[in-house]
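If you want the building blocks of each chain, they are given just below.
Protein chains: 2
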Amino acid sequence: MAHEQVVSRPVTIAIDAMSGDQGPSVVVPAALEAVRENEALSIVLVGIRSELEALLREGHARIRIVEAADVVKMNERPSHALRHKRNSSMAIALGLVRDGEAQGCVSAGNTGALMAFGRSIIRMYPGIERPAIAKQIPSPRGRCHVLDLGANVDSTAENLYQYALMGSLMATAICAQPEPRIALLNVGEEEIKGNEQVRLASHMLAQCDTLNYIGYVEGSDLFRDVADVVVCDGFVGNIALKTGEGVAGMLIELLEKAFSRTLYGRLVGLLARPIVTRLLQVVDPARHNGASLLGLQGVVIKSHGNANECAMLAAIRQAVCEVELEVPRRINERLDDLML
Amino acid sequence: MAHEQVVSRPVTIAIDAMSGDQGPSVVVPAALEAVRENEALSIVLVGIRSELEALLREGHARIRIVEAADVVKMNERPSHALRHKRNSSMAIALGLVRDGEAQGCVSAGNTGALMAFGRSIIRMYPGIERPAIAKQIPSPRGRCHVLDLGANVDSTAENLYQYALMGSLMATAICAQPEPRIALLNVGEEEIKGNEQVRLASHMLAQCDTLNYIGYVEGSDLFRDVADVVVCDGFVGNIALKTGEGVAGMLIELLEKAFSRTLYGRLVGLLARPIVTRLLQVVDPARHNGASLLGLQGVVIKSHGNANECAMLAAIRQAVCEVELEVPRRINERLDDLML
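Protein chains in written order, with the numbering used here: chain A, 1 to 340; chain B, 1 to 340.
Keep in mind that a hint or two might mislead.
Said to hold, decoys possible - Quick list of in silico lysine to aspartate or glutamate cross-link-like pairs, EDC-like style, CA-CA up to 16 Å:
no., chain 1, residue 1, chain 2, residue 2
1, B, K73, A, D21
2, A, K73, B, E190
3, A, K73, A, E33
4, A, K73, B, E189
5, B, K73, B, D154
6, B, K73, A, E189
7, B, K73, A, E190
8, A, K73, B, D21
Said to hold, decoys possible - Have a look at the derived ranges for each label pair, beta carbon to beta carbon:
no., chain 1, residue 1, chain 2, residue 2, range
9, B, H84, A, S120, 44 to 50 Å
10, B, N306, A, S79, 43 to 49 Å
11, A, K73, B, E253, 38 to 44 Å
12, B, S260, A, G305, 46 to 52 Å
13, B, E179, A, S120, 42 to 48 Å
14, B, R86, A, C175, 49 to 55 Å
15, B, R141, A, R64, 43 to 49 Å
16, B, K257, A, D336, 42 to 48 Å
17, A, P126, B, S79, 57 to 63 Å
18, B, E179, A, A40, 55 to 61 Å
19, A, E179, B, E179, 51 to 57 Å
20, A, R64, B, D154, 47 to 53 Å
21, B, R141, A, R278, 50 to 56 Å
What the hints contain is simulated information worked out from the structure, not anything from laboratory work.
Note that this is a predicted model, so its numbers are computed, not measured.
Where a beta carbon is used, it is the ideal one built from N, C-alpha and C, also for glycine.
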C-alpha cells in the first residue's frame, strides 16, 4: 500500500459520504486529499448534496456528488435498514459498484447493514455462504491477514473453511504470496484444543492439498509472522482485534504520560519524540484503517466509525489498491477449484 | 497485592513443583524467595524428592517436600490424566488442599488437567456447573477481573451468568469493592449485538437486582476502567488475553529495537531506560502471573507454563493473597443468595 500511489488505469471509488461518527466533515477533506495524491482516481460522494457541496467549496474535477436522501443509523438493525433504507447513501454507493459506475466502495457506517446491503446489492462468489471482514494486522515482521473480524458470529466449520479459502486467495492477490501460510486461531496449538467448529475446520483444511494449512496459532502469534492468514469466527476476531487496539492505546498513553510527568521525563520525551513517533506509526490504527468485505464480487471497504481524515484516506487507498490488483476477479477465478 | 507481605496468620501453600516448562529449576528458587519475604508462609513442594533436594541444597525450615512419582504432561488429555495420573505432583498438591494440609495450591501445569483434577479432588461451590479461570488485567486506571480465560469453550448463558456471580464476589473479596461493575464482553455495545448465549446472559444479569450489571463492553474497554468484572466464554477470553499480550510484547520489542539501532537511539534509550522500565512494569506478564481457578472451594492458582522465577513468585503471592482474604469462604457464603 504505497502512500503516493502512481496508478495508470483510471479508478472510480464511491464513498458513503454520510457514514461515520463525523460524516461528511471527515469524508470530504479525505476525498480531496485522495484525488490530489492520485491523478488516476475519481471519487463519487454519495449523500446529501447541500451538505457535501458546502464542504467541497469550489469542488474538484474528479469528485462528483450523487444525491442520497437517507442515512443508515449506526445502531439500526440491518434487517430494518434493508427494508427501509434503499435510498440511503450506503445502498446507493453499493449500487454504483453493481452498475459499474464505480469499481469500489468505502463506508464508515453500520457494519451489519453494510454486510446486508453488500449481499443484496453486489453478488457474492458462487458457493460462499457468508462474507467475512478481513484486515491486514501490522507487525514488525510483516503483515498477517485476519478474518473474520466481526461480520458473522457463530461461524460453522464450513464457514471457517471458506474464510480460509478467500483469505488465502486475497493474500496471494495483495501480497503476491504464492502459498500463504493459513492457520486457525485457537486456545492452544495441540490437536485436542478448541471447540467443535475449529477442530472440524482444521480437519477440512488439513485435507485440502492446494492450501498451505499450518495448523492452530494462538492470539500472541498474530504478531510473530508465523502465519500469513489467520482464520477465526467474527465474535472472536472482533474481540481479539479490539483488545489488541486497547493494549496499544494503553501503552501509548502510558508512554506519553511518562514523558510529561517530570522535568527529566519531558526532556527525554523531547529527545525520544522522533524515535517514538516512527515506532507508533507501525501500530497507529488510523494508518491501518480499512477492512475488506470479502466474499462480494466487488471491492467494499469498511472504515472505522470514528475514523479521522487520515484514517479515511487510508481506507480510500485500501479500496484503490484492491481495485488496482483486481482482487475480486482473482479470487473468483480460483475459488471454484478450491471449494469442497 | 503487596510485594513484601506482612501476614499474621500462618499460611501453607502446596506447589506442583514438577509443573511448567522449567519445572523445579524455576519453582524451587521462587519458593525460597517466597518464604524469605514472608515469615508466615510455609511451602510444600510436591514432586520427585531427589530433584527437589538437589535444588534446595541445605533446605529451609518452612519448606518441606512431599514425594510424587508421576507428572502430568503439558499436552496430555485431561481425561487421560484423570484416569492414570492420580500419583502426579498436580493431583497430590491438590489433595493437600482438600485434606487441609495446605490452604492453597499453585501449578504451572496442563490447564485442562488442573481443572479436571480440581473438580474431582476439591469440591465445587454448590450449584456452580463449571469452574472458570479469572485474572486481574492491569491498566493505568485500576484492575479489571476477566473470566473465563480458557477453562471452558462453548459456555452457555447460564455458565456466563455464574461466572458473573463468582467474579463479582471475587472482586468484592479481593479489591473491597462493595458493588463491582459487571459487564459482558461483546462485539458492540448495542443490544442487538453478539451471539445468542451473550444476549441471553445479558437478559439474566439485567434481572438480578443484587448485581451491578452495566451491559456490554468491547475488547478495548478492558483497559479503560469502565467495568470491574468482565465476563466471557473461555475461548474468547483466552484469545483476547493472548492477543493483548502479543501486542504488548510487539511494542516492547519495537521500542527496544528503536533504542538500539542508531547511536542517537542508543543514547536516548540510555536516558529513557528508568522511565520505560517503570512503564513496562505495569504490563509485564511476569509481574501479573497467576490466574485463579474460580468455582472450587479452595485456592488454586494457575501459573503460565513458561513462568520464570519472578513470575512463579507472583503466582505464589497471588495464592497467599487469596488465602489471606479467605476468597473461597467469602464467595461460598454469598453465592447461595445470588443463584437463580
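message: Against the range 42 to 48 Å, how does the distance between the Cβ atoms of B/K257 and A/D336 compare: consistent or not?
response: Holds - the Cβ-Cβ distance for B/K257 and A/D336, about 44 Å, lies within 42 to 48 Å.
- prompt: Is A/K73 close enough to B/E190, meaning Cα to Cα at most 16 Å?
  reply: 12 Å, holds
task: Using the Cβ atoms, figure out if B/N306 sits within 43 to 49 Å of A/S79.
output: Once the Cβ atoms are compared, 47 Å apart, the range 43 to 49 Å for A/S79 and B/N306 holds.
- prompt: When you check the alpha-carbon spacing of A/K73 and B/D21, does it fall within 16 Å?
  reply: 51 Å, violated
query: Taking only the CA atoms, is the gap from B/K73 to B/D154 under or equal to 16 Å?
result: Given that 16 Å is the threshold and the Cα spacing comes to 25 Å, the pair is violated.
query: Is the hinted pair A/K73 and A/E33 satisfied, with a Cα-Cα distance of at most 16 Å?
result: 26 Å, violated
- prompt: Straight-line Cα separation of B/K73 and A/E190 no greater than 16 Å?
  reply: 12 Å, holds
task: Could you tell me whether the CB distance from B/H84 to A/S120 stays inside 44 to 50 Å?
output: Violated - the Cβ-Cβ distance for B/H84 and A/S120, about 56 Å, lies outside 44 to 50 Å.
message: Between the beta carbons of A/K73 and B/E253, is the distance compatible with 38 to 44 Å?
response: 42 Å, holds
query: Taking 47 to 53 Å as the hint, is the beta-carbon distance of A/R64 and B/D154 inside that range?
result: The hint (47 to 53 Å, Cβ to Cβ) holds, given that A/R64 and B/D154 are roughly 51 Å apart.
query: Do the Cβ positions of B/S260 and A/G305 conform to the proposed distance bound of 46 to 52 Å?
result: 38 Å, violated
query: Holds or violated: 49 to 55 Å for the Cβ distance of B/R86 and A/C175?
result: Holds, at about 51 Å.
The structure shown violates the earlier hints numbered 1, 3, 5, 8, 9, 12, 17, 21.
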